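Could you build the full structure based on these sequences and the hints that come with them?
Chains as they are written, first to last, in my numbering: chain A, 1 to 277; chain B, 278 to 584.
The hints are simulated quantities; they were obtained by calculation from the structure and are not laboratory data.
Among the hints, erroneous ones may be present.
List of simulated lysine-lysine pairs, DSS-like, C-alpha gap at most 27 Å [claimed, not checked]:
1. B/Lys291 - A/Lys167
2. B/Lys312 - A/Lys167
3. A/Lys112 - B/Lys497
Keep in mind the model is a prediction, meaning the values are calculated, not measured.
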Amino acid sequence: MYPESAHTSGALDARSRELRLKAVTAFAAARRGHLPSAFSLVEILRVLYDRVMRFDPVRPQWEERDRLIFSKGHGCLALYAILADKGFFPESELLGFCQPEGRLGGHPEFGKVPGVEASTGSLGHGLSMGVGRALALRGQGPRVFVLDSDGECDEGSLWEAALGAAKHRLDHLTVLVDCNHMQSYGSTAEVLPLDPLADKWRAFGIAAEEVDGHDPDRLEAALARVPFQPGRPSVLICHTVKGKGVPFMENNPSWHHKNRATDAEIAAVRAALGEVR
Amino acid sequence: MRRTCLDSVYRLAKEDPRIVFIGSDLGSGTLDAFKREMPERFFMEGISEAHVVGMAAGMALEGRIVYLNTIATFLTRRCYEQVVLDLCLHRARVRLIGSGGGLVYAPLGPTHEAIEDVAILRPLPGMRILAPADAEEMARIMPHTVEPEGPIYIRLGKGGDPVVTDPAQPFRWGMPALLRPGRGILLITTGTAAGLVLEAAARLAAAGHDPAVLHLPCLKPIHLEALRAHLAPMGTVVTVEEHVVTGGLGSLVAEVLAETPFPVPKRFRRVGLGDAFPEGYGSQASLMGMCGVSAEAVVSTVLGLLA
Numbered sequence: 001m002y003p004e005s006a007h008t009s010g011a012l013d014a015r016s017r018e019l020r021l022k023a024v025t026a027f028a029a030a031r032r033g034h035l036p037s038a039f040s041l042v043e044i045l046r047v048l049y050d051r052v053m054r055f056d057p058v059r060p061q062w063e064e065r066d067r068l069i070f071s072k073g074h075g076c077l078a079l080y081a082i083l084a085d086k087g088f089f090p091e092s093e094l095l096g097f098c099q100p101e102g103r104l105g106g107h108p109e110f111g112k113v114p115g116v117e118a119s120t121g122s123l124g125h126g127l128s129m130g131v132g133r134a135l136a137l138r139g140q141g142p143r144v145f146v147l148d149s150d151g152e153c154d155e156g157s158l159w160e161a162a163l164g165a166a167k168h169r170l171d172h173l174t175v176l177v178d179c180n181h182m183q184s185y186g187s188t189a190e191v192l193p194l195d196p197l198a199d200k201w202r203a204f205g206i207a208a209e210e211v212d213g214h215d216p217d218r219l220e221a222a223l224a225r226v227p228f229q230p231g232r233p234s235v236l237i238c239h240t241v242k243g244k245g246v247p248f249m250e251n252n253p254s255w256h257h258k259n260r261a262t263d264a265e266i267a268a269v270r271a272a273l274g275e276v277r
Numbered sequence: 278m279r280r281t282c283l284d285s286v287y288r289l290a291k292e293d294p295r296i297v298f299i300g301s302d303l304g305s306g307t308l309d310a311f312k313r314e315m316p317e318r319f320f321m322e323g324i325s326e327a328h329v330v331g332m333a334a335g336m337a338l339e340g341r342i343v344y345l346n347t348i349a350t351f352l353t354r355r356c357y358e359q360v361v362l363d364l365c366l367h368r369a370r371v372r373l374i375g376s377g378g379g380l381v382y383a384p385l386g387p388t389h390e391a392i393e394d395v396a397i398l399r400p401l402p403g404m405r406i407l408a409p410a411d412a413e414e415m416a417r418i419m420p421h422t423v424e425p426e427g428p429i430y431i432r433l434g435k436g437g438d439p440v441v442t443d444p445a446q447p448f449r450w451g452m453p454a455l456l457r458p459g460r461g462i463l464l465i466t467t468g469t470a471a472g473l474v475l476e477a478a479a480r481l482a483a484a485g486h487d488p489a490v491l492h493l494p495c496l497k498p499i500h501l502e503a504l505r506a507h508l509a510p511m512g513t514v515v516t517v518e519e520h521v522v523t524g525g526l527g528s529l530v531a532e533v534l535a536e537t538p539f540p541v542p543k544r545f546r547r548v549g550l551g552d553a554f555p556e557g558y559g560s561q562a563s564l565m566g567m568c569g570v571s572a573e574a575v576v577s578t579v580l581g582l583l584a
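Here it is as structure tokens:
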């Protein structure tokens with residue numbers, strides 16, 4: 001198992017706090033959302049969009065772009081933050097999160113939100129769609145990334161898809177597991193144990209590595225090595241903390257899907273992220 | 278009918294490089310020529326329907342047109358959420374070819390009997406549903422399945438069904454096909470049940486009645502005006518389907534009847550499977566008879582309404 005001590009300590013830099021505050025902007029507009037689930041994967045998205053993936057926000061359907069299937073749909077506050085940050089849509093749209101006239105829903109929708117490659121929210125769908133996209137794109141250049149949660153690994157369909165990915169030797173397909181060790185009710189160890197998770201993926205024919213999911217440099221270094229083995233899909237298990245960056249939210253199930261957040265709670269989140277008012 | 282359908286997929290794929298075929302774990306030798314001649318577009322992906330539907334959606338989002346075949350129950354029940362979300366919500370060009378619609382697999386029991394497939398697919402936004410009556414109609418319909426946006430469900434009957442459709446009636450999405458003109462009585466059917474309905478019509482004709490027989494090869498979308506025009510002059514309407522009477526053809530016609538102010542009042546009944554899993558095995562025809570879907574049942578239902 002990945003050593004716990006390796007991934008919980010580091011302080012967040014300005015870029016990580018900036019992206020979290022953008023997610024808070026959307027959260028505050030609706031006073032609801034899966035904020036801790038988004039905070040665990042900010043660094044994963046940040047590294048993908050800042051350093052790894054090829055894309056063009058002006059042409060979101062550019063054929064040569066790398067594809068990200070954001071299978072962990074409930075983490076979309078972070079996705080919206082980075083897409084707005086990159087210019088896929090104006091940052092002012094974050095204020096429309098979960099609003100009647102907004103296009104940023106509580107789960108992201110393909111065809112509505114520029115840069116969203118699949119409508120997700122029901123877990124266990126994204127990897128199959130990623131396999132399909134990867135098969136269609138084989139030999140053409142674009143890479144396919146699929147972001148799953150660790151709780152999502154409860155879903156049987158995900159493992160069906162893993163079998164298919166290995167069969168077709170899709171080494172331009174990379175799965176990132178946001179492994180925050182928590183799910184809605186409590187810890188994954190309590191609800192449905194997944195360990196040894198990396199070995200499970202390896203047994204399915206996927207080359208697996210583990211990394212501190214909040215360390216941008218280690219994430220980048222790991223992603224620079226994919227495919228970890230030629231002819232095999234890769235999985236990078238990113239060990240993270242649910243609610244990372246806001247101490248009272250970290251690993252706190254009552255924040256999993258917060259509703260009717262108060263002004264005081266929102267202010268406390270912003271303060272914890274170092275926002276100067 | 279299945280052979281005609283799959284042969285059509287092969288021919289269409291030869292002309293259109295966007296077309297791919299996916300099977301789950303089909304019979305040995307299925308579409309061998311396709312696999313031999315277009316191996317990069319032929320996929321046999323295992324007993325994993327949820328994954329296969331999602332994978333098909335992913336391919337469709339990259340511009341492919343996917344024909345996906347397996348047993349109808351597994352293609353609808355097992356992966357329903359993938360059909361709803363991955364196909365319908367994404368308007369994915371995936372064509373679900375459901376083998377054994379209805380009671381084709383009677384000897385194999387309820388796990389293989391697709392008796393509510395239409396009912397569970399009909400409410401899905403953007404889903405198109407086809408149920409041809411015979412192989413010749415299937416051959417005429419298949420070229421129309423390439424271009425439409427969004428998913429299509431193709432319900433296959435048993436092989437060797439008698440040819441009852443008229444090649445002079447071209448297929449148009451949503452349009453019903455009149456198999457037998459008549460007066461006062463309208464028998465409405467879909468899929469291969471058309472055969473038994475024509476037989477019932479012949480018996481009613483021998484008894485001095487003149488029933489019309491209307492076949493719906495396309496259950497969604499429906500050309501409502503065309504259907505209403507057929508319904509309008511008729512006083513007796515009976516639907517006949519190899520499917521539960523809730524949610525399928527019978528419900529569809531009942532909805533139209535309930536919401537249309539027809540000048541001619543209607544007596545209406547639905548013939549189909551009731552609210553129970555089929556009991557017994559035997560042949561498709563014998564099980565249909567046991568379940569109350571037969572020419573005799575249609576005749577007695579009509580005569581009961583007229584009495």
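Restraint check for lysine 112 of chain A with lysine 497 of chain B, where alpha carbons must lie at most 27 Å apart: Since the Cα atoms of lysine 112 of chain A and lysine 497 of chain B sit roughly 25 Å apart, the hinted pair holds (cutoff 27 Å).
Holds or violated: lysine 312 of chain B and lysine 167 of chain A, Cα atoms, limit 27 Å. With a Cα-Cα distance of about 17 Å, the restraint between lysine 312 of chain B and lysine 167 of chain A holds, given a limit of 27 Å.
Is lysine 291 of chain B close enough to lysine 167 of chain A, meaning Cα to Cα at most 27 Å? Measuring from Cα to Cα gives roughly 26 Å; hence the hint holds.
Hint violations for this structure: none, all hints satisfied.
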